[in-house]
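> Spelled out from the first residue to the last, the chains are:
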Amino acid sequence: MKKIEVIIKPFKLEYVKARLAGLDIQGMTVSEVKGFGRQKGHSEIYRGAEYQVDFVPKLKLEIVVPDNRAEEVVTAIMESARTGEIGDGKIFVIPVENALRIRTGEEGDGAL
Amino acid sequence: MKKIEVIIKPFKLEYVKARLAGLDIQGMTVSEVKGFGRQKGHSEIYRGAEYQVDFVPKLKLEIVVPDNRAEEVVTAIMESARTGEIGDGKIFVIPVENALRIRTGEEGDGAL
Amino acid sequence: MKKIEVIIKPFKLEYVKARLAGLDIQGMTVSEVKGFGRQKGHSEIYRGAEYQVDFVPKLKLEIVVPDNRAEEVVTAIMESARTGEIGDGKIFVIPVENALRIRTGEEGDGAL
Amino acid sequence: MKIKTLVIPPALGLLAAATVHAAEPSADPASMANAIAAVQTHVDYVWTLVAAALVFFMQAGFAMVETGFTRAKNAVNIMMKNLMDFAMGTLFYWAVGFGIMFGASATGWFGTTGFFLSDWVPGGDPWVLAFWMFQVVFAATAATIVSGAMAERTKFSSYLIYSAVLSALIYPVFGSWAWGSLFNGNGWLEGLGFIDFAGSTVVHSIGGWVALAGAIVLGPRIGKFGKDGSVRPIPGHNLPLAALGVFILWLGWFGFNPGSTTAANTDIAMIFVNTNLAAAAGAVAAMITAWLKFDKPDVGMSLNGALAGLVAITAGCANVSPGSSIIIGLIAGVLVVLSVLFFDRIKVDDPVGAVSVHGVNGAWGTLAAGLFNMGGFSAAVVGVQLLGIAVAFAWAFGTGFILFKLIASTVGLRVTPEEEMEGLDFGEHGATAYPDFQHTSHM
Amino acid sequence: MKIKTLVIPPALGLLAAATVHAAEPSADPASMANAIAAVQTHVDYVWTLVAAALVFFMQAGFAMVETGFTRAKNAVNIMMKNLMDFAMGTLFYWAVGFGIMFGASATGWFGTTGFFLSDWVPGGDPWVLAFWMFQVVFAATAATIVSGAMAERTKFSSYLIYSAVLSALIYPVFGSWAWGSLFNGNGWLEGLGFIDFAGSTVVHSIGGWVALAGAIVLGPRIGKFGKDGSVRPIPGHNLPLAALGVFILWLGWFGFNPGSTTAANTDIAMIFVNTNLAAAAGAVAAMITAWLKFDKPDVGMSLNGALAGLVAITAGCANVSPGSSIIIGLIAGVLVVLSVLFFDRIKVDDPVGAVSVHGVNGAWGTLAAGLFNMGGFSAAVVGVQLLGIAVAFAWAFGTGFILFKLIASTVGLRVTPEEEMEGLDFGEHGATAYPDFQHTSHM
Amino acid sequence: MKIKTLVIPPALGLLAAATVHAAEPSADPASMANAIAAVQTHVDYVWTLVAAALVFFMQAGFAMVETGFTRAKNAVNIMMKNLMDFAMGTLFYWAVGFGIMFGASATGWFGTTGFFLSDWVPGGDPWVLAFWMFQVVFAATAATIVSGAMAERTKFSSYLIYSAVLSALIYPVFGSWAWGSLFNGNGWLEGLGFIDFAGSTVVHSIGGWVALAGAIVLGPRIGKFGKDGSVRPIPGHNLPLAALGVFILWLGWFGFNPGSTTAANTDIAMIFVNTNLAAAAGAVAAMITAWLKFDKPDVGMSLNGALAGLVAITAGCANVSPGSSIIIGLIAGVLVVLSVLFFDRIKVDDPVGAVSVHGVNGAWGTLAAGLFNMGGFSAAVVGVQLLGIAVAFAWAFGTGFILFKLIASTVGLRVTPEEEMEGLDFGEHGATAYPDFQHTSHM
Ligand SMILES: Nc1ncnc2c1ncn2[C@@H]1O[C@H](COP(=O)(O)OP(=O)(O)O)[C@@H](O)[C@H]1O
Ligand SMILES: Nc1ncnc2c1ncn2[C@@H]1O[C@H](COP(=O)(O)OP(=O)(O)O)[C@@H](O)[C@H]1O
Ligand SMILES: Nc1ncnc2c1ncn2[C@@H]1O[C@H](COP(=O)(O)OP(=O)(O)O)[C@@H](O)[C@H]1O
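Protein chains in written order, with this note's numbering: chain A, 3 to 114; chain B, 3 to 114; chain C, 3 to 114; chain D, 217 to 659; chain E, 217 to 659; chain F, 217 to 659.
Bound conformation, chain A alone:
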């Protein structure tokens, strides 16, 4: 199995979710993160002093999929999360040795 970790712009969540639903992807886990990268944060003003906000709000999606589905999922995310602007985010593919469903104890691909 692979864990596909994706960093996206927050407003893209709906698009990615819809697209993955189309692929019949059963689950994912989302968290709020701050990203630091080529896309520079804004400069904000606080009581008269300008300051650089280095970190940009992003969402991180984690989706564990069977090995054979990794590619199509990556492609789907790539397409649905893209705006073409700097800061669209990254996809990281990480090996997963096992997955278990707590409720039933199922293991492996069947647990997803």
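Please note that a few of the clues may not be correct.
[Stated by the list, open to error] DMTMM-like, lysine to aspartate or glutamate: derived pairs with alpha carbons at most 20 angstroms apart:
no.	chain 1	residue 1	chain 2	residue 2
1	D	509	B	52
2	C	42	B	16
3	D	563	D	444
4	A	42	D	634
Everything labelled a hint here was simulated from the structure, so no lab data went into it.
With chain A held as given, fit chains B, C, D, E and F with the ligands onto it using these hints.
Using the frame of chain A, we list chains B, C, D, E and F with the ligands on its own:
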């Protein structure tokens, strides 16, 4: 070493923590996440319009353990986090190549 | 590629960030987490009852780097995040099979 | 008892006579009658100005309701709009609006004297100052109603333009028709016997219909309506703050309605009671309506129900009985729920329900003031009420629509989609409402 | 100066005479005396009603304190309870409670006239309206006290039932014993000389003891007490809001206590001072007590200390000296800390400390009004105070206990454990207090 | 109408005569004149005490502004400081401060009678109580101003010491110079004709300059200034709360300024209007200044602009015209922006801008009261104003500096760097402002 990533129902944290303490597990890292899966979110009402809350609040635990302890930890979590209802969550086992303790510079299992 | 996952004390973020900038590290992703480990939480008082706060606020940094840069990055983080006190945190090195830049579709080290 | 007095230069010594402290009247009857009148005047001032302070506080209530019902990324913008429509409204109403609303009229259509508070001269009767103070907080209320309906997508600079025009022109002109005679004016609508004691129409409907115009010209927020025509709620970010706002508004209404006597007398008792009963009935009715319709007692609707009751009793608070007030409030509570659903259905995006609360229930309250008149039902009275309702709609929606269209086609009314998605706080103000990283610090 | 007047139909012209504007008295002595009396009446109305508005605002204070001291997942529920016990309380107190509390009594045990505000007829003396307005906000205060102690586990619909019964029966019956003679009633307890100027017992203890009954019948929240008998704090979610609530309550008490004169006179000065001194002393004493016991100046205890001082001075605010007020407040501040610890020890789960603040310190304050009586100490006076305290406990705890047991065994009093864990906001209201995802937007 | 009266023991029956209810005057002229005077007295009490309640509420405003502009990890500490400087301030001003400020003076430099409210005896004239109530909330305002400038790094116990000294000595001594004659004192500065109607200098500058001393002795927060000399903003955690605080303060100012008449008369109208116009002008001017300087309408500056306008009009609210008030407010709004930038540049770290808002604009307002005097410009008047400004600075900054140095070198003024980084909430109070884990519950 293995990183055991666990998605659980938030109120199960105490149980899992207590159980792991029994196994003398030294550390873990917890974060708030939103889960999307078979367990459907509620429909909520906001000013007269019903809407589906697709994401369910979950906790993610990350516990890095020596290879030889992975199984017992997985079992312990499985037991203590289970309610038997849909949405109990998942356990993912991910390979870890190295671990270091920042304070001392210790590496490998000793750093855990 | 490697994903370097780091748990640090929150106020160390600036130091680590500055140090990594010096190494010309292009990006990272930060999230708020609660840590459980040797560093014991405080006991707090709430309306007259003392209680143990088991979890300590930490930041988690995730930095994906080409294999050949992992070591220097680990060393840099180790040095910049250290205070020498319990609870300085951990570094975990996790294998990454692929990375993609959503904007351009670039893959591998070039996507970082 | 020593008191601080105005630092009066000798040349203005006349004033001293006018404000002679009533505590030492001489014994002859005429001067004693004057002394009694002076004390009454002092109570009138205290009451009118305390009431004005309560109405002022409604600005905080509106700010909390609006920010609670909208997203965190626009919270700074909401605060700025509420602060600025009061601050700029104050200056524009001082310079222009008050004269138009209450000045003597050369034309018969609006006042043309009393700009820049020129009715007052040092040493003169200060009543105009007390009266202005009470009126300016009303003008600001009308202005701020619109803010909610246009939330989360309006350019800040364009909002300032709107706010100036409303305070200086739209609100005062209609106000002069209904209330002008309270000072130097003489409105045609009040001449017909139009009943709107504290402003269901003059303040709330005017604000509500301009808000409707604004919401229409702006169009809905991105994501509010699905391509399939579905309504997608965009939940706010802090309902406890919204509830606090409603409590503050309810408090403020105890200045708004009974303060509209601008005199301390025993009439204020019934107005207090009516105000409170209608608000309570509105909240209960909206809760029950929502419960029946959605199977849950919805908090947003219940809060709006209380406000709807308050708006609806505002016109008739001095001429309907407490029992009628309950009925008026109950109907308002039902109405606000149906109205929110209706505007959703016709795809007008009003993030906080301002049109339903203030526009629709302002109209209902104005009608109710005729229907439940304690003096007995009269078709003529109801007819005038209907006329006033219609005129208010035509004037406020009409001028509002033109104003917003004009702004839209010149400086632009709406922020870019990018800015809207990122939040107006950053785009308009370079700020964030909750900038501190460790918001939840430990577990 | 032109003012808006009630729209009076000709048939009610009598009213006009009653409310003749005091500003133009004729010169003969009798009419001048009337004119003076009229002005005083106007001030009385203004003061009573402004005070009522301040007491109303205490609802917001309670809402903020309660939501601050409880978890985010129940915040909407807290808001709904606070909104609805005021809204429903208003209607039930109008229909039933006021008549029971202040009506003429056929039985000697409670009033039986004046339901539905029937003591007022158009054109009649409006004092009953002003008086009702002041009393209804007191009834609602008693009702809302209970909300905090029963927070985070009570079914919303059952809470509404409780709230109606308290406003219509439990509170008014006891109220009629202690305060009935303020209007048409004639209470046996006041007949004995029971001193409770603004309601340490009548409002706060009654609320506090019903709260105790509720907390006992409900049982503790899941997780509050460990199986080993340990006390596990369940911290709230927003202490700044709780602090805001305490400031609002403190403000409201400046209506609660001095407003209880229901007349504008110079007595209110001492009542203001006493109220403020006791609150200050309570906060300081609670802080010090907590500091000594826990080694830290605890915020929750300090805030509750201020409230405890306020509750404790409520009975005696008009008959103890400022110096005594400080002592009363200091003791209240110590007492509230010990009491919170005590109720924890006996495993009564009161999330916000309502029983300790209102029940215990209401009793202490009532006793103190006897002990520190400026007229001199008298065992007889203290005896009556103790009687009143005991009767209040028996009545409120007794009827409260029966009521909650009845509710529990019929419609059910407590939500399911699942719902409790998930939060009442979703289960009861289908809502979330903080629905916006990006709560902390950028770093 | 039956009312509750003080429970008066027979021995104190004299009081009854003094507070005879004005409603039943006998017909002879002398007693009728007394009756009229009594009613006026009642209105004076009501007005003074309602105004005091409004000023009290400013504590909540300060608490919200300060917590909003600082980080979440110090929010409990801010609440405790605001609660405690009022609570302790009340007790110290009762015991010591009031006597120093308004007592008869043996030395000519400060009062030496009237400690522990000893000017009042049961049955005596209660005016001293009403007057004390109004003055204590002013003293607390001065105390609380300092809290903001010293936020996020001051030891709590040391803050309590400061707070006691300010309420008991620093504020009252200066107060006695400017306002002592309002009661039994006789200040040298007022003797020269110093104009400070409601305390631009007496309250705000005194607070502001002590705040400056505190900020300097403490040094900046860790991270505020880069090693390279750069200014690094430390954004607060909740701007909507800060905005709520400003609205509350604005409301409170309607007690602060017009209440300073301590009498109900027609003068309060102009004071209300001036207060409101200056605040509005301050907000607008600060917004525009910030917009020009930073290209964005900054919310923090706009909020501070409103406060700056309010502070600046406080001295002259009773002797400048409405038109002048606008000018005073406009200049205050510009000044506050420049001043905040200036103090940043000279590396004084004032987290909420207290020095700029209260110190600088207090001075400006005091000068403006001379410059814009309605009675005409006089160099002598302006000279006295400048003298007062200078003396206030010397006294407040001087004594503040010595006090803080003394504290620093004995018990210590500042928390450890570790504690500062972790937050004072934990270190000082063992607490967390937002302890609930699931702050954002679902998406
Ligand atoms: N090396 C990295 N390791 C982990 N996360 C990264 C890394 N580089 C970028 N990111 C994440 O991806 C986000 C987008 O990256 P950025 O460089 O801004 O733009 P782009 O995706 O267009 O290359 C960043 O905000 C950060 O969260
Ligand atoms: N493929 C997946 N990848 C990552 N996380 C997942 C995946 N499937 C489920 N999850 C997480 O596990 C949680 C529980 O899964 P769900 O399908 O609801 O029930 P169950 O655990 O009973 O199978 C989800 O809310 C989500 O956070
Ligand atoms: N086995 C582990 N797996 C995952 N995270 C861990 C583990 N052990 C420690 N951590 C994280 O590292 C943080 C620091 O660890 P701790 O044991 O307190 O001190 P130290 O870093 O000095 O060893 C913890 O708060 C926790 O977030």
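> Is residue 509 of chain D close enough to residue 52 of chain B, meaning Cα to Cα at most 20 angstroms?
It holds: about 11 angstroms lies between the C-alpha atoms, which stays within 20 angstroms.
> Run the distance test for residue 42 of chain A versus residue 634 of chain D: straight-line Cα separation, threshold 20 angstroms.
Given that 20 angstroms is the threshold and the Cα spacing comes to 16 angstroms, the pair holds.
> Holds or violated: residue 42 of chain C with residue 16 of chain B, Cα cutoff 20 angstroms?
Between residue 42 of chain C and residue 16 of chain B the Cα gap is close to 16 angstroms, so the pair holds against 20 angstroms.
> Would you mind confirming whether the straight-line C-alpha gap from residue 563 of chain D to residue 444 of chain D stays at or under 20 angstroms?
Answer holds: residue 563 of chain D to residue 444 of chain D is near 12 angstroms, not above 20 angstroms.
Every hint from the earlier list agrees with this structure, and none is contradicted.
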